[in-house]
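Given the structure of chain E, go ahead and fit chain W onto it with the hints provided.
Chains as they are written, first to last, in the numbering used here: chain E, 52 to 166; chain W, 29 to 145.
You may find that some hints are simply not true.
Straight-line Cα separation of at most 30 Å, DSS-like style, residue types lysine-lysine; simulated pairs [claimed, not checked]: (1) 47(W) / 153(E); (2) 54(E) / 64(W); (3) 122(E) / 47(W); (4) 165(E) / 47(W); (5) 110(E) / 47(W); (6) 69(W) / 122(E); (7) 68(W) / 68(E); (8) 153(E) / 69(W); (9) 69(W) / 68(E); (10) 68(W) / 122(E); (11) 64(W) / 153(E); (12) 64(W) / 122(E); (13) 47(W) / 114(E).
Keep in mind the hints are simulated off the structure, nothing from the lab.
Source: prediction; values computed, not measured.
Read off the chains here:
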Amino acid sequence: SQKIEQNSEALNIQEGKTATLTCNYTNYSPAYLQWYRQDPGRGPVFLLLIRENEKEKRKERLKVTFDTTLKQSLFHITASQPADSATYLCALPAYGSSNTGKLIFGQGTTLQVKP
Amino acid sequence: ETGVTQTPRHLVMGMTNKKSLKCEQHLGHNAMYWYKQSAKKPLELMFVYNFKEQTENNSVPSRFSPECPNSSHLFLHLHTLQPEDSALYLCASSQDFEGGPIGNEQFFGPGTRLTVL
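Excised from the complex, chain E in its bound form (with noise of 0.2 Å):
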């Protein structure tokens, strides 16, 4: 069966710096995948998607690869800010399912930025 990973234990970086989560996934090729960031008590949020023929993603200070071969993406943040603390969401379509909303999600890094 599909299987997502991402880092359970808290990122924990200081404010200015590169935030970088990870994102491996198992057992199949999928056609696309997403992030989100959610805070607590609320629900996820869209940030960002990235589709099997694109490398890279940029959206203001965030950037997103995506490699197929090593079956992994990548979330960067650049000049970090408290602001960005939250938990960090990765989502991929259930197999056989690109078009059909089913997707099944990573169980989130939570990301902690220090002032």
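Relative to the frame of chain E, chain W by itself:
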């Protein structure tokens, strides 16, 4: 109201109670979802509706009964729940799946924090 709203935000119920969760989206979407988020576990998809038709039931126990009367509203009817059903229940919406680009982003509501005693 904008985005996706959910009511109530908090709910405490006994195992013999019957209650309903409500979700409303104001984004003009045609697909809606229910997710369950338990502590220390990933988001679990429960149900998917596309144009009011249920397209996914992720092996959810029958004590959870969804209802989608139109593309803007989604309900989750609860009865005879167990304490292990205590969790954050999230509703989401997205563009529909027919003819559109794959990978539509999902817009989530704030969730209902459910506690079953």
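Going through the hints against the structure:
no., hint, result
1, 47(W) / 153(E), "holds, 26 Å"
2, 54(E) / 64(W), "holds, 18 Å"
3, 122(E) / 47(W), "violated, 42 Å"
4, 165(E) / 47(W), "violated, 42 Å"
5, 110(E) / 47(W), "violated, 41 Å"
6, 69(W) / 122(E), "holds, 22 Å"
7, 68(W) / 68(E), "holds, 27 Å"
8, 153(E) / 69(W), "holds, 17 Å"
9, 69(W) / 68(E), "holds, 29 Å"
10, 68(W) / 122(E), "holds, 24 Å"
11, 64(W) / 153(E), "holds, 14 Å"
12, 64(W) / 122(E), "holds, 26 Å"
13, 47(W) / 114(E), "violated, 43 Å"
The earlier numbered hints that this structure contradicts are 3, 4, 5 and 13.
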